[in-house]
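From first to last, the protein sequence lines are chains R and L. Each residue of the first sequence is one higher than the last, beginning at 17 in our numbering. Each residue of the second sequence is one higher than the last, beginning at 366 in our numbering.
Rather than coming from a laboratory, the hints here were simulated on the basis of the structure. Small disclaimer: the values here were computed from a predicted structure and weren't measured. Think of the CB as a built atom: it goes at the ideal place given N, C-alpha and C, for glycine as much as any other residue. Treat the hints loosely; a few may be bogus.
As the list claims (entries may be wrong) - Below, in silico cross-link-like pairs of lysine-lysine (PhoX-like), each with a Cα-Cα straight-line distance of 20 Å or less:
1) 77/R to 909/L
2) 966/L to 909/L
3) 77/R to 583/L
4) 963/L to 918/L
5) 803/L to 918/L
6) 982/L to 918/L
To be verified - Computed footprint of chain L on chain R; a stretch qualifies when at least three of its residues, placed anywhere within it, have a C-beta under 8 Å from a C-beta of chain L:
7) 49–63
8) 80–91
9) 103–113
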Amino acid sequence: MTGFRKVSSTVIVVALAVALLGASSDTARFDELGHHRIICVCGCNQMLLECNHVGCTYSDKMRQELSAAVQNEPNDDAILQSFVREYGTTVLAAPSARGFDRVAWIMPFAVFFAATFGAAIVIRKWKERQPTPATSASSAVFDPYREQARRETEL
Amino acid sequence: MTSGTPLVPTPSMPLFGSFALIFALVLSAYCLFAGMVSLRWQAVGIPSDRLAETARRAGIATWVGVAAAAFALVWAALNNDFSVAYILHHSNRDLPIPYKFAALWSGQEGSLLFWALLLSTYGLVLRLRHKVDVKLTAYASTILAAIQLFFLLLLNFAATPFSLVTAAIPPDGNGLNPLLQYPEMVIHPPMLYLGYVGFSVPFAFALGALIMKYPGEKWIHITRRWTMVTWCFLTCGVFLGAHWAYSVLGWGGYWGWDPVENASIFPWLTGTAFLHSVMMQEKRGMLKTWNVWLIFCTFMLSILGTFLTRSGVVSSVHAFAQSSIGDWFLWFLACIFVVCLFFYIRNRDHLRSEHRLESLLSRESSFLFQNLVLLAACFAVLWGTLFPILSEWIQGRKETVGPPFFNRVNIPIALFLLLLTAVGPLLAWRRTSWASLKRNFTIPLIVALTTAALLVALGVRPWNDIAQLYSLMAISLAALVTATVASEFIRGGRVIARHTGQNLLTSMVTLTRRNTRRYGGYIVHFGVVVIVVGLSGAAFNQQKEQEMGFGDKMQIGPYTLVCDSYTQEDNPNYSIEYAVLNVYKNGKPLFQMFPAKKFFKASQQPDTIVANHSTPKEDLYVIYAGKNFDTDRPIIKAFINPLVMWIWAGVWILIFGTVVAMVPPMTAAAVPQAQRVRPITVPLPPQTEPVEAGD
């Protein structure tokens, strides 16, 4: 078991190291923040680096600010906070993982898991019920069931 | 009629249109109230056939009124009648004729009139085909009349399309929004509206069947094709919108999770769930309450989407300006919910299931889970769309819920759905043994794992980037679904080949023709798989932006773009500036591209014309992004978007599959006249109407 733990820890550390390789370069940070974290506030609802409105009065200025911030500030969260101070919370492309905003992230998965597990429990409960005992009946009585079986097993 | 034709004064046309709308309003009100009275009389045993017939005919005549109003508006657009405020704001003299026609659905009032026209057309078809089931159709017709009445009240009192300009009539109109001046925009909104409005019909039948406690699944048989056609229209509308966004908006993507885009997929997701779960009711008499509420929700979500986009409660670049008609939709939505809930509570005993689920490993369970996943996806999109409003209420500040949220939440749900799509067809009704599952699943699983290994060998690095991980999982699951679909065709084809001596391919065609619904459905699944593969390509997108003067080069992926020249053209509607770019690959000249910037004169607005070279492997997508104000040098943006063509190809497969599923199966269609069984005369109970072949 100890051996297994050692191997799995090593695998996780190596995987994280590989995943984080190069993640700190300025270009990568600029792309990550501009494509995934910050939205253009001109009202187009597009990511900052994807806003293509001709004559947009915000995106050029915001790009320049982001470019400067990436060079001067090593912490991405601090950059995001400076944008929030300047443009308001709507500049962030998605709700944060703090306070009430956390509900935005939790609810869809909570509903998904509750519905899935709820359905699984209901099916199991129904399954556990005893089947009704077989009864003898004339052939005509079974005709609707034969028809049903034909429908359910048709090619 | 050509561009620049002198104004033909048609002052009588707006008057005619307004009168037609009032005429339609009165008729639809009569259809509703006479229909309700006749159904009530029928229930208490008072003869009401003649009154019911007048209600039906009033419903048919409503179409005449609405069609006349729509004709009047189009006429006004074609004749440059700028005395009509709507035409003044959405057209101009030099606008090409197809776009003048499209002005009908380009603004708030016109699109509501178009909605009413489609609804009355669906109602017309339903009322003309009333002999399918006279009583149930009478209920459905009355419910449709209530919906029609709402839209006509809106058109007559809140959003009148024939309002006249009160000041001096300007010599020319403001023109159509440049983004809408694209061929796809002539067909995208009608498709979407056909989808939205179409769900009114299964909704009306479901509610009618619930009110009258209609026995059996007849309402499902009657509405099956309606629902499929509607779903197909909505699918086409959604993807035409995506294609338009990709081709016109010029940001390099096709789906931006804008509230208006989201509104179009609410009913699509629940409608898809409904199309699957009705099979359980037909085959096993189960999920009756579920199905009724699914179609209720689908219709209500169509109305909710309309409310969200027209009320201004959520901000969207597509949304119409904020107006008071949002309140109308909110009240209408509340009324629909109350009516549905009332009749459900009153008649819910009628919806008891005939069977229960017997095993987790069964076709029924897979349908149920698939339904839940679709609803969870719908909830996630709805939640994300509404969260900014909720946040403002609770925290007092607005939040943005943009693409990163929707992608992060919906991709895992979509992957699970894809897994269920693969597993579902391999499960038998009632219960499946593990041994049978293992037997059927081994080869598809091997295919999926081989695909994953192949992708890693080709350079996909799932451990580097979550987008690549999702992409790998999506393509592997797509391979799994393809393998299960193929195994279903091959297994069934082999059985037929053994009995008929046909080759396997012919046998598979015969198999499909014998059970068009099932195998058409599998083709639809395959179409979805192809779309998923196309969407997965987004993980490998590349983009570059550069100022490019004459002779400048830009390197993106394997392509080298060299700026050859810039050129300008001018016509009465717009002026246009092109960049001429020569494209090379490994030093070999390939082709020229012409990204452009248009400037529309009437609206004084610019527009981007994308140059896109599309291949099954990737799109080279280039836009002329304007000029740098400081250097006056043109800016070119280039994207490499892998596998995008697969998305559009998948949509064609999906449409083909839907058409196949709607074709009557061969056994029913190909029986020669001489071999048909003679009808047996059975005494019918009083008030029972003859029934035609259900569609």
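Here's how the hints hold up against the structure:
| no. | hint | verdict |
| --- | --- | --- |
| 1 | 77/R to 909/L | holds (19 Å) |
| 2 | 966/L to 909/L | violated (31 Å) |
| 3 | 77/R to 583/L | violated (62 Å) |
| 4 | 963/L to 918/L | violated (24 Å) |
| 5 | 803/L to 918/L | violated (56 Å) |
| 6 | 982/L to 918/L | violated (23 Å) |
| 7 | 49–63 | holds (count 8) |
| 8 | 80–91 | violated (count 0) |
| 9 | 103–113 | holds (count 8) |
The structure fails to meet hints 2, 3, 4, 5, 6 and 8 from the earlier list, while all remaining hints are met.
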